[in-house]
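Asks: Chains as they are written, first to last, in my numbering: chain A, 5 to 326; chain B, 19 to 323; chain C, 136 to 397.
The hints are simulated quantities; they were obtained by calculation from the structure and are not laboratory data.
Ideal placement from N, C-alpha and C gives every residue a C-beta, glycine not left out.
Misleading hints may appear alongside valid ones.
[Said to hold, decoys possible] Listing some non-contacts, in silico: residues in chain C with all C-beta distances to chain A over 12 Å:
id : residue
1  : ASP203
2  : GLU257
3  : ARG321
4  : GLY331
5  : LEU348
6  : ASP372
7  : ALA378
[Said to hold, decoys possible] Covered, in the sense of this in silico footprint (three residues per stretch, anywhere, with C-beta under 8 Å from a C-beta of chain B), are these stretches of chain A:
id : segment
8  : 31-41
9  : 66-75
10 : 134-146
11 : 254-260
Chain by chain, the residues:
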Amino acid sequence: MSEWRKDWRHGPWSPRIVVNAGLVTVLALVPVYAAFAGDPFAMTLFSRILIMAIAALSLNLIMGFGGMVSFGHAACLGIGGYAVGILAKEGIGSGFVQWPVAVVASAIYALVVGALCLRTRGVYFIMITLAFAQMVYYVASGLDRYGGDDGLTIYHRSQFGPFDLNNATLFYYLCFALLLASIYLVWRIVNSRFGLVIQGARSNEPRMRAVGFPTFRYRLVCFVIAGALCGLAGALLANHTNFISPAMMHWTRSGDLIVMAVLGGMHAMFGPLIGAMAFLLLEQGLSHVTDYPDLILGPLLLIVAIYVNGGIDGLLGGPRRG
Amino acid sequence: MLYFIEQFLNGIQLGMLLFLLAAGLTLIFGIMDLVNLAHGSLYMLGAYFAATFAAWTNSFVLGAVLAVVATLVAGMVLEVIAIRRLYGRNHLDHVLGTFGLLLFFNELVRLVWGPAGMTLSLPSEMLTAVQIPPGLYYPAYRLVIIVVTLAVALLLYVLVMRTRLGMLIRAGASNREMVGALGVNIKLLYTLVFGLGAALAGFAGLMQAPILTVQIGMGENILIPAFVVVVIGGIGSIRGAFVAALLVGVIDTIGRAFLPDLLHRYLSENAAATLAPALSSMSIYVLMAVVLVARPEGLFPAAGR
Amino acid sequence: MAEALLEIDALTKRFGGVMASDAISLALSRGELHALIGPNGAGKTTLIGQLTGEIAPDSGRIRFEARDVTALPVYRRSQIGLARSFQIASLFVEFTALDNVALAVQAHAGHSFRFWRAARCEPELRAPARDALLRVGLAARADVPVTALSHGERRQLEIAMALATRPRLLLLDEPMAGMGPEESARLVETLRQLKGGLTILLVEHDMDAVFALADRISVLVYGRIIASGDPAAIRADAAVREAYLGEQDGVRREGRHEAPHG
Numbered sequence: 005m006s007e008w009r010k011d012w013r014h015g016p017w018s019p020r021i022v023v024n025a026g027l028v029t030v031l032a033l034v035p036v037y038a039a040f041a042g043d044p045f046a047m048t049l050f051s052r053i054l055i056m057a058i059a060a061l062s063l064n065l066i067m068g069f070g071g072m073v074s075f076g077h078a079a080c081l082g083i084g085g086y087a088v089g090i091l092a093k094e095g096i097g098s099g100f101v102q103w104p105v106a107v108v109a110s111a112i113y114a115l116v117v118g119a120l121c122l123r124t125r126g127v128y129f130i131m132i133t134l135a136f137a138q139m140v141y142y143v144a145s146g147l148d149r150y151g152g153d154d155g156l157t158i159y160h161r162s163q164f165g166p167f168d169l170n171n172a173t174l175f176y177y178l179c180f181a182l183l184l185a186s187i188y189l190v191w192r193i194v195n196s197r198f199g200l201v202i203q204g205a206r207s208n209e210p211r212m213r214a215v216g217f218p219t220f221r222y223r224l225v226c227f228v229i230a231g232a233l234c235g236l237a238g239a240l241l242a243n244h245t246n247f248i249s250p251a252m253m254h255w256t257r258s259g260d261l262i263v264m265a266v267l268g269g270m271h272a273m274f275g276p277l278i279g280a281m282a283f284l285l286l287e288q289g290l291s292h293v294t295d296y297p298d299l300i301l302g303p304l305l306l307i308v309a310i311y312v313n314g315g316i317d318g319l320l321g322g323p324r325r326g
Numbered sequence: 019m020l021y022f023i024e025q026f027l028n029g030i031q032l033g034m035l036l037f038l039l040a041a042g043l044t045l046i047f048g049i050m051d052l053v054n055l056a057h058g059s060l061y062m063l064g065a066y067f068a069a070t071f072a073a074w075t076n077s078f079v080l081g082a083v084l085a086v087v088a089t090l091v092a093g094m095v096l097e098v099i100a101i102r103r104l105y106g107r108n109h110l111d112h113v114l115g116t117f118g119l120l121l122f123f124n125e126l127v128r129l130v131w132g133p134a135g136m137t138l139s140l141p142s143e144m145l146t147a148v149q150i151p152p153g154l155y156y157p158a159y160r161l162v163i164i165v166v167t168l169a170v171a172l173l174l175y176v177l178v179m180r181t182r183l184g185m186l187i188r189a190g191a192s193n194r195e196m197v198g199a200l201g202v203n204i205k206l207l208y209t210l211v212f213g214l215g216a217a218l219a220g221f222a223g224l225m226q227a228p229i230l231t232v233q234i235g236m237g238e239n240i241l242i243p244a245f246v247v248v249v250i251g252g253i254g255s256i257r258g259a260f261v262a263a264l265l266v267g268v269i270d271t272i273g274r275a276f277l278p279d280l281l282h283r284y285l286s287e288n289a290a291a292t293l294a295p296a297l298s299s300m301s302i303y304v305l306m307a308v309v310l311v312a313r314p315e316g317l318f319p320a321a322g323r
Numbered sequence: 136m137a138e139a140l141l142e143i144d145a146l147t148k149r150f151g152g153v154m155a156s157d158a159i160s161l162a163l164s165r166g167e168l169h170a171l172i173g174p175n176g177a178g179k180t181t182l183i184g185q186l187t188g189e190i191a192p193d194s195g196r197i198r199f200e201a202r203d204v205t206a207l208p209v210y211r212r213s214q215i216g217l218a219r220s221f222q223i224a225s226l227f228v229e230f231t232a233l234d235n236v237a238l239a240v241q242a243h244a245g246h247s248f249r250f251w252r253a254a255r256c257e258p259e260l261r262a263p264a265r266d267a268l269l270r271v272g273l274a275a276r277a278d279v280p281v282t283a284l285s286h287g288e289r290r291q292l293e294i295a296m297a298l299a300t301r302p303r304l305l306l307l308d309e310p311m312a313g314m315g316p317e318e319s320a321r322l323v324e325t326l327r328q329l330k331g332g333l334t335i336l337l338v339e340h341d342m343d344a345v346f347a348l349a350d351r352i353s354v355l356v357y358g359r360i361i362a363s364g365d366p367a368a369i370r371a372d373a374a375v376r377e378a379y380l381g382e383q384d385g386v387r388r389e390g391r392h393e394a395p396h397g
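Please build the complete structure, drawing on both the sequences and the hints.
Replies: Structure representation (structure tokens):
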């Protein structure tokens, strides 16, 4: 173990760095593979992985680093998606309008929910975030003009001047770039003064207050940042599927996001990406092999929960980067 | 007025079912400190077991009894194989693990019983309507649900307040370390409590089965309201779960029944028709949010937590 | 006597039927080291909790630098110069010793809504943190994670964190509890060096340390201050001898853990 640690500190080629670099390379080459192998489905699947990775990353910022286990994060994904869908339906197709609205709407939701929820702790926090997400879910179900329960088809992807998001390759690389930028952003935040306050509050909140930090406002801002980032993922997701529906905010979707973050390894920068990839690829791969994929996926999650500490990233050994 | 009484009774009935689920959840929460997302799966299993056994035995009552026993056993087996390995871990591991179980059970049911769903039909004597106050005909089976679940709640009360096992359960819910220090066989107690919770959930599932169809995913839809009940009542408190369950059941039902008309008085018909279902579905979550903002530990916080 | 830095006026706190603080009045002058002693359950930790703001008093006032702070929240009190070390070391266990102290420095270096620069590379946080570690003799252990520190080292780290907030008043809640004789001696030395520059309220069971360090001593029994004065006066006080010093050995041998409302 200590050898690993040395390795990581001094040598550039620790297993973690090799795996992460390999991952980024593979993801960069997916469109190339899809073009050569004539496999457009790979593009669809991996675009989805990138988008869900952004969502899981945003959850990981509050959950893994901030210790705020939100069981309603899919609401932010849905709000971002609905912002795009509603604006598209109302004839506002410009992405320069749609996406900022998606981000801001999610951020505002996070601000309200955070302000009300961050006074509770533990399971109560998990449950109250869930309650708010359920409210959003039912509001979306009640929006008859926008499809109600059945959802709404988006006929035109967001328009960004000369850039055509209908081009699968362009869309893929856009998602890819946004994911890498998000990982970099979260990495900077986590290691900044702000990030240390957030992590300190996860570790020992009473002590943070005793040493002079008004923790509530820092946690709230962190919650809002995560909401905004997830709103962006929601805008991407709506463009990806050309469809929005309350189902994207069902509580099991929030569960999926938690599973991705935990599976990949919280506290690790690439954990959410690894988790999203593992989860979605497994789901996909298993459904090729068997008609009953969850019969295997379910127990697999249980085994990870019981035996694997620190998720998949934890298997790479060594200390995890904060 | 009669309509109100009818809806009120429906609310009580929903509340009693939620209580059956929430009682098990709150005990498992309070004693083992376990967030169990698979609790709804046991509810679903109870319904499927009952539909199957009732078809075999040609008797609703016999089927129901067998189904309760089957979910009790299923719960205890589940506890021994998987759940007990999650004790003492953080809540995230619980969410991950029991979420996996939930996926597993849904798929298992699809494999065993098929994707179509089942129906559980009632014996003919329960299909009639009973006249309670003059002029109000109320379905006999719904009354049966209220009476039987009340009886179960009473039994649970006696079990928890009057027996040695109950004393340990109460002690465990308010102070876990204490029970361990008393030299009680914790492992067995935990298995029993989980089995009891499973049996209650299965019982709720089979009682509800004749009203709704027995289908995959039925557990997910009821699980979250049950959690809402647990949280409003205060984790670990059975009394809290009882009060909160009735509150949630009545508010949800009355909201669905009367909100459309109420809104219509102030809004256009169109707006009311759009808004009412969303608002009434939200009502219990609003209730929970209000309760938690005012009392972060629920209405009846268990002592010592 | 110099001007009072901290004035406690008729502070009262009741837990059920127990008077944890019974109209406590006490004044600390600038620069003194004031020791608070008393048997277990006398209400010492409750008093500290009220001074830092973790416990709200039922009645009475606390004035710090002539300003009423009775209703100020915990983090504000820390910001105006009231620092405490915890009886049971309360640290950020995932971080290194230096990280812990640097966080304390950061808490008093303006707001922390700074999202970009790597905080672990900021000399204006790290240098004062290293200073504080040096003052308590932990400089060599700066980069060791808290989980790898010994019990005594954690107590020293607690004090380093309190110092790093550049306090005007330091509240030390049994800093020597559970320490070996060597570690205790080192800590007494550290406190001796801090003395004079800082006003310190020391809650401690170790009588040798108390009588060696204190300028004045107050004796708390059942929530009430029964005596207050310089060490010689306290040693001679009949009421103190009867109520407390007579059983001093017993107190010193029994467990050091005191419930907050004991």
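Asks: Determine which of the earlier numbered hints do not hold for this structure and return their numbers in increasing order.
Replies: 2, 8
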